[in-house]
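2 protein chains.
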Amino acid sequence: MMKRRGVRLVVVGSLALDSVETPFEKKKELLGGSVSYACAAASFFAKTGMVAIAGQDFPAAHLDLYRKFGIDRTGLSLVKGRTFRWSGVYEANMIDRRTISTELNVFASFSPDLPDSYRGAPFVLLGNISPALQLHVLKQVHRPRFVMADTMDLWINTARKPLMEVISRVNMLMLNDVEARQLTGEYGILKCAAQILDWGPEYVVVKKGEHGAMLFSKRGLFIIPAYPVEEVCDPTGAGDSFAGGFMGALAGSSVVSERSVRAALLCGSVVASFTVEGFSLNRLAKISKSDISKRMAGLKKMTSAA
Amino acid sequence: MMKRRGVRLVVVGSLALDSVETPFEKKKELLGGSVSYACAAASFFAKTGMVAIAGQDFPAAHLDLYRKFGIDRTGLSLVKGRTFRWSGVYEANMIDRRTISTELNVFASFSPDLPDSYRGAPFVLLGNISPALQLHVLKQVHRPRFVMADTMDLWINTARKPLMEVISRVNMLMLNDVEARQLTGEYGILKCAAQILDWGPEYVVVKKGEHGAMLFSKRGLFIIPAYPVEEVCDPTGAGDSFAGGFMGALAGSSVVSERSVRAALLCGSVVASFTVEGFSLNRLAKISKSDISKRMAGLKKMTSAA
Numbered sequence: 012m013m014k015r016r017g018v019r020l021v022v023v024g025s026l027a028l029d030s031v032e033t034p035f036e037k038k039k040e041l042l043g044g045s046v047s048y049a050c051a052a053a054s055f056f057a058k059t060g061m062v063a064i065a066g067q068d069f070p071a072a073h074l075d076l077y078r079k080f081g082i083d084r085t086g087l088s089l090v091k092g093r094t095f096r097w098s099g100v101y102e103a104n105m106i107d108r109r110t111i112s113t114e115l116n117v118f119a120s121f122s123p124d125l126p127d128s129y130r131g132a133p134f135v136l137l138g139n140i141s142p143a144l145q146l147h148v149l150k151q152v153h154r155p156r157f158v159m160a161d162t163m164d165l166w167i168n169t170a171r172k173p174l175m176e177v178i179s180r181v182n183m184l185m186l187n188d189v190e191a192r193q194l195t196g197e198y199g200i201l202k203c204a205a206q207i208l209d210w211g212p213e214y215v216v217v218k219k220g221e222h223g224a225m226l227f228s229k230r231g232l233f234i235i236p237a238y239p240v241e242e243v244c245d246p247t248g249a250g251d252s253f254a255g256g257f258m259g260a261l262a263g264s265s266v267v268s269e270r271s272v273r274a275a276l277l278c279g280s281v282v283a284s285f286t287v288e289g290f291s292l293n294r295l296a297k298i299s300k301s302d303i304s305k306r307m308a309g310l311k312k313m314t315s316a317a
Numbered sequence: 012m013m014k015r016r017g018v019r020l021v022v023v024g025s026l027a028l029d030s031v032e033t034p035f036e037k038k039k040e041l042l043g044g045s046v047s048y049a050c051a052a053a054s055f056f057a058k059t060g061m062v063a064i065a066g067q068d069f070p071a072a073h074l075d076l077y078r079k080f081g082i083d084r085t086g087l088s089l090v091k092g093r094t095f096r097w098s099g100v101y102e103a104n105m106i107d108r109r110t111i112s113t114e115l116n117v118f119a120s121f122s123p124d125l126p127d128s129y130r131g132a133p134f135v136l137l138g139n140i141s142p143a144l145q146l147h148v149l150k151q152v153h154r155p156r157f158v159m160a161d162t163m164d165l166w167i168n169t170a171r172k173p174l175m176e177v178i179s180r181v182n183m184l185m186l187n188d189v190e191a192r193q194l195t196g197e198y199g200i201l202k203c204a205a206q207i208l209d210w211g212p213e214y215v216v217v218k219k220g221e222h223g224a225m226l227f228s229k230r231g232l233f234i235i236p237a238y239p240v241e242e243v244c245d246p247t248g249a250g251d252s253f254a255g256g257f258m259g260a261l262a263g264s265s266v267v268s269e270r271s272v273r274a275a276l277l278c279g280s281v282v283a284s285f286t287v288e289g290f291s292l293n294r295l296a297k298i299s300k301s302d303i304s305k306r307m308a309g310l311k312k313m314t315s316a317a
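Residue numbers (the working numbering), protein chains in the order written: chain A, 12 to 317; chain B, 12 to 317.
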């Protein structure tokens, strides 16, 4: 575990016990939630601290796994009650999924309060929680260098006003193609992105699942390929790993520039490719930085025409 | 029109009058068919000859358009009867389409006979026609340097035996992701491609529509991005333009290598991006090689992290 005062990247998000059914397997109460995936992904590149809430039933083995990843847990509140639970079933294409149940439990009372050691963090990932909570986190950090927000259809439909405030205050918004259309009312992705850039963020990343993602900025467009994997075991957490891997790599690089943002997004893509090869954090727990570097080199060859 | 004995690339395929309905517009009896799109796309890069059949009702204006593209029409048979007609409707996503009607007409008696001036062509594109006819064309060419075959679900389901013979005899097979799964019985694209490579071709290209395509060979994998367009007017012919642009660019390059194949595939991707910006060949008819070069340079920037 790295020794350092404070953390370089703060990640706030959901922490859940997931029950997942794919066409091939069924698993119960796996460690999940956006904060778990994002922190684990980021931990390969920078000292990362989590802001999350769990119940007293949260297994000690999961805390131990966070520790092994080197994730700072000062911002993790363990409170009376049950941990958030989610269960879902994936369709045969391993992309579309149905939510079977959502039990918010202690997550319903989540009010993310940052430890002092987190407030000076230069990088902040506002994972997919309500925009009001994202704003609450933003108020507690001292002039971070780069803030990225994730969002989802639920907030677009039910909390547009605070979401618009979040969008106007972050450096990057990340969302998927369907959400980009919902948010802007435009259909073409280029138009959606142009509209969002107009609202303030320097960068917009539109995710397209297995087909990769696209980065938009005033400096142009960058096509982010997905690293192709032989077999997808469980797609849960792919987007959060992409976001976390990206923010970790950016936090670990010396500058924030179009170039470093692009390079960091490729890191995110590669880390996500490992995530989907196992359930929960199982695959991420088994890889090292050199495995990531190997796939990075591979991805470079797969996208180079020369 | 270029003056040269023989042609460098021979394209065989369907020639049709298409009636197309998109969510925004409805057009009748447009010039279409795989051979029209592929030849027009290829004509920017190499002297291309078409092998196709049309009826006496085929409008002279279309022949004139072929001439303007510099397409050699020696292999085009104009016979008694009506030209092949196809009509279809695109869904709101501009990807899925329903075929409303297919009138084979003279296409039902198509027996592609190559003019002498085509038989020595070093490059051959076997467009999407029955595998038996593709084999019939293969018999007539003298040791071409590079043959690419396109196919579709219809032949996978109804003519597997001759299709397998085609596959074993070509340098490259091009098909979409759904077809690759149908053909191999595998689900993961990497497994599908490995199986097809085992059957003989040096290269397999799996198309994924707006998400680009992937090239597989014994030398590895190449991710081919789609050039992002502001607004898709009509996706008809995108795949044929991709195939034609690729084969034209390859035929126009001095060597056939992994590198030149990759570069040529990017040309195909760019040409296809123009095709979808208009109905029929309307957009392709208005661009020049320098428009293609500009998008090639743009695509390079969009895929470069450095």
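Some hints could be false.
Each pair may be met inside one copy or between any two copies, as identical chains are not told apart.
Unchecked claim - Below, a list of computed lysine-lysine pairs in the BS3-like style, where the Cα atoms sit at most 30 Å apart:
id: 1; residue 1: 202; residue 2: 219
id: 2; residue 1: 150; residue 2: 172
id: 3; residue 1: 202; residue 2: 311
id: 4; residue 1: 312; residue 2: 300
id: 5; residue 1: 229; residue 2: 311
id: 6; residue 1: 37; residue 2: 150
id: 7; residue 1: 202; residue 2: 79
id: 8; residue 1: 219; residue 2: 305
id: 9; residue 1: 229; residue 2: 312
id: 10; residue 1: 300; residue 2: 79
id: 11; residue 1: 300; residue 2: 202
Calculated from the structure, these hints are not laboratory results.
- Item | Violating hint indices (sorted, rising) | Hint check: 6 and 7 fail, others pass.
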